[in-house]
Amino acid sequence: MYVRSGLMAAGLGLAVAIAAVPAGAQTTPKRGGTLTYMIPADAPPSFDGHRETTYATVHAGAPFYSVLIRVPPDNPASTTEFVCDLCTEMPRPTDGGKTYTFKIRPDVKFHDGAKLTAQDVATSWNYIVFPPKGVTSARVSYYEMVDKIEAPDDATVIFRLKRATTAFLPALADPFSWIYKKETLEKDPHWYEKNILGSGPFKFAGYEVGQVIKGVRNPDYYHKGLPLLDAIEGIFADKQSVRVEALRGDRAAIEFRGLPPSARDQLVKEAGKDVVVQDSDWNCGNILTPNQKKKPFDDVRVRKALALAIDQWAGAPALSKIANVRTVGGIVFPGSPLAATKEELQQIAGFWPDINKSREEAKRLLKEAGAEGLKFELLNRNVDQPYKYVGTWAVAEWKKIGLNVEQKVVPTGPWFSNMRAGTFDVAMEANCQSVVNPVLDTGKYLPHTVYPENYGGFEDPKSIELYEAMQIETDPAKQRAEMRAYEKHTLDTMVHEIVLPYWYRIVLARSYVKGWKISPSHYLNQDLANVWLDK
Amino acid sequence: MYRYIVTRLLLAIPTLAGAAALVFVLMRLIPGDVCVIRLGSGGAHVDEASLAACRQQLGLDDPMIVQFLHFLWSYATFDFGISMWSGNPVVHEIAIRLPVSLEVAVLATVIAILIAIPLGTISALKENTWLDHFVRVMAIAGIATPSFWLGIMSLVLVLDITYFATGHAWRPPITYVSFWQDPLANLAIVFLPAITVGYRYSAVTMRLTRSAMLEVMREDYIRTARSKGLLEQIIVNRHALKNALLPVVTLIGIEFAFLIGGLVVTEQVFNLNGIGRLLVQAVQNQDNVLAQALVMLVVAVFVVANLVVDVLYAWLDPRIRYS
Amino acid sequence: MTITARTPAPVAGAAADELPDANRSPLRAARQFVRRQPLGTVGLVIVLVMFAAGAMAGWIAPYDPEANDFAAMMEAPSWAHLLGTDQLGRDIFSRLVFGARTALLVGFSSAVVGGVIGLVLGVTSAYFGGWFDLVFQRVLDVLMAFPLIILALAVVSVFGTGVVNVIIAITVPLVPRCGRVVRASALAVREVPYVDAARALGFSHARIVLRHMVPNVVAPFLILLSAFVGQAILAEASLSYLGLGVQEPVPAWGLMLQGGAEEYATTAPWIAVFPGLAIVLTVLGISLFGDALRDAIDPKLRDR
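Going down the list, the sequences are from chains A, B and C.
My numbering numbers the first residue of the first sequence as 2 and each following residue consecutively.
My numbering numbers the first residue of the second sequence as 25 and each following residue consecutively.
My numbering numbers the first residue of the third sequence as 438 and each following residue consecutively.
Hints were generated in silico from the structure; no laboratory data involved.
If you're wondering where the values come from, they're calculated on a predicted model, not measured in any experiment.
Cβ atoms here follow ideal geometry from the backbone N, Cα and C, with glycine treated the same way.
Just to be clear, a hint being listed does not mean it is correct.
Counterexamples of contact, computed for chain C against chain B with all Cβ distances above 12 Å [unchecked claim]: (1) A492; (2) W496; (3) Y500; (4) F530; (5) V632.
Cβ-to-Cβ under 7 Å is the rule here; a few derived chain B residues that face chain C [what the hints assert, rightly or not]: (6) T39; (7) P55; (8) I185; (9) F188; (10) A189; (11) V289.
Simulated coverage check for chain B against chain A, where a stretch passes if three residues somewhere in it have a Cβ under 8 Å from a Cβ of chain A [claimed, not checked]: (12) 57-64; (13) 73-80; (14) 139-148; (15) 198-205.
Next up, chain A with everything else stripped away, as it sits in the complex (with noise of 0.2 Å):
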């Protein structure tokens, strides 16, 4: 497994009634008390999860929400499992693995009372993949091959797809795709940007801009004997320091996200057995594009000698003490069964064993495409963890091959639009995806005229080949060989992309916070009906 639980055991997490209990759980999980938690952001733009991106809605609302099916709460980690929370079970699909039809349990009700049905989950999804004119919809592309959904009754839904595809499971799991009543989003669907009012554990009990959200237990929750607490608090505080105070000062009890390896040492050190860390490789990594449509960025020897020069094996160590990254890998998540092992990756440029070796092949193809000494610009976000620390040691690595780089740090909507815009050298992106779904998350290096997120400025008919052979295929070692194909050409052979260290999710929490277990990914299992106090 790739989840590393520092000092916690295996066996912390409890699913109750969900799953099997795990074997290594010895403790009966306590009832009663209040959670509070972190959010390590200022208010959210609105609670809609249907149309917003960012994980301060997920963190704040998802507790009051029901999804049709999840990552297993008991094992978030894993990226190939996937259960129910309002279906009674994960159905197989039919018609050559276009149709899925679920079944909706009968037993669930909205807070105010009313009864959930199929035609609350189908509309709901209707308006998540077919959003109408003037609703919007952040992840309507992650639907593309949703054909039409259904409820021919109240207990039923249909999910009819364009064809068959191992992408449409993760993508149906997504964290936001809240359900929501039918009724309401029909009269006014931008009803449930400033209101809250769903079917999850906890009920909510208020709000204050930008300071805390609170929610209460949920008696009638259709997930029997749960949840285990009795309210939650989430206080918002984008202030990293003012965090570690918290859980220094057990103010709060646990952050989600994911904190640096300073504010880890620090409290461990501190706190002892009071603090404890769970950690894991995340599905969001830093990705260095250049672009192609400036000289000389359009010279694969280039390219490949700015992967070359980046010593990764030797950075990523000595960066996961400061920064927020660890784990070197290629285009596919590293927990993921698709990933490239470490002898494939060193056959990669950027990932050669030997540096010195890879920098004189870097400095000969620099000198050979006639660009020694080059300087350029490299943009990056007004982010510190991990964007500037990250940033700032590329800069270094490149100067040992006589580049002369300097970084042109802006604010998040000025990065977007300058590669949007296509007005950089090299840009220091970020791909960070929730459900592990390689076969969509990789998607993103293919060229803008399929994937419009992609800035590199380049047209390649041979990548997006490479890319659909290994997509329709369904057998999975068949697909792991495409994918290596894929990553291969698009790393080493055309350098489209330099993937750095993929970045390395640290939660700490006060120790007597039970039943919580990281996943890969900050916006996943964040509905806290597990969680207990053990105190």
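Position chains B and C relative to chain A; hints supplied.
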């Protein structure tokens, strides 16, 4: 007098309009918009159609001139708009944050006055002694210290000292409580920021108090009083200080106006949910409507404070006439 | 934000049209300055030391200020690293020494550019008066009350975060402050006989402004300038704190206080303490010297 006030108020209109134009242009010079940030900041795929819908809904695709006229017209009718980020009325967003900022500003002013006027006076009376030098260096150090650094250092210092003294470190509460709810918790939150801001503020005020005192003490009427054999204490309290305080009052008023707009960094350091931080958020989220409203508020406070100070000054000192 | 400090207008008419001590030997003047202004002398020494550090950074600094050393991350001060190392293993002393360059460059160029523009505009406005003056005053009001962060963000977003762009962002708010003070001083000399005479003789506006009015406002101008240098250094630090200043890996004091300073303030305090002290010391030195200079030039302007 009324004529003077009315003229000054009329002159404020072009200032406000100028500020409006400037903030409008600057916000739109920054590449990107609130829709891109909102739909893309998660790092995931951004859908072009959603983007277009979002822009249309917020009026971002209207021609610039239409947006600007709309902005001016709505302000003329006291409609300050809806935040593009949260969808709440701007007035509401500001009203939530204003009390914290005002509290810090007022407390900082009180601290500044309490420190500055006695020390400034003593410094002037003991001109060129070691005491005077010490006070002056402390004052200049206050002006020379970056307020955010002072804030960070004072937080760490308080933490360490309380830890050393009592065994566990003292930390300010993490969520804001109003003074009326819990005065002690409230003061625990605003005290450190107020001292940090107040130190710099007092430094500026102290320097002015000292020089004003020095000037007044050389005036003829003080010399006359002295020659009449009046007690030094009476001279200082009755005559000198009263006159020396005139320019000090001016400075306090104007600095207060600056303070409101200048809390940006302090609120960031102390994680206060005030209007300074709201401004940073608004600008970073490219929430044009909210940023415009906040800038207009800061400029308006500045204009009004200047006016009040001038009127007060003239009222206190009959030698000054309105022109 | 520290940039918002405003220098109140000096008493109009106090412009020094006769510089005292002007006809004495420089050596005697210097000796007298040291004797009468002990604090100012200390300030001058600090400023000179900082200048020397910046100028000779290459010789003084024991390490490359931009070179990472993963074997020596966050080391406490020792003989190998006098002031310790930062998160990336860079020598803090070397970064401080090179940072003096950035600080003085930003401080002096912002002050001089902002001051000179303010001077020209202020004098011109006072000279022409009327509508021009009225409009000019309103423009100054707007710039003065305007929050620096929006201005800085716009400049940085459009042009990027190079040193030059940071200087531009810091300079703009200095212009109105200088403009106001200079205008007030210039108004006082506008009506004096020789300016009238020059006008009657038909001299060009430019000549009258530059030859007759500017020299008369030089004293308050110089005093402002010394205050501006300190303010500009502080403004740069504030902008860096908000992430809008000079960027990594360039060694700059404000930048050194950003990010790591707070994150490691309790565990590796040297990362935050020394750059902060460097800023305080430098601005203190400049201010002490500025105060003394003002007293020497014109005792009437003392502590304004």
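Here's how the hints hold up against the structure:
1. A492: 22 Å, holds
2. W496: Per Cβ check, W496 of chain C is outside 12 Å of chain B; nearest 28 Å; holds.
3. Y500: The claim holds: Y500 of chain C sits with its nearest Cβ about 24 Å from chain B, beyond 12 Å.
4. F530: 18 Å, holds
5. V632: Since the minimum Cβ distance to chain B is about 21 Å, V632 of chain C lies beyond 12 Å and the statement holds.
6. T39: 4 Å, holds
7. P55: 6 Å, holds
8. I185: 12 Å, violated
9. F188: With a closest approach of 13 Å, the F188 of chain B hint is violated.
10. A189: 16 Å, violated
11. V289: 5 Å, holds
12. 57-64: With 7 residues close enough to chain A, the hint holds.
13. 73-80: holds (count 4)
14. 139-148: Three-residue rule not met by the stretch 139-148 of chain B, so violated; n is 0.
15. 198-205: Contact hint for the stretch 198-205 of chain B vs chain A: holds, 3 residues under 8 Å.
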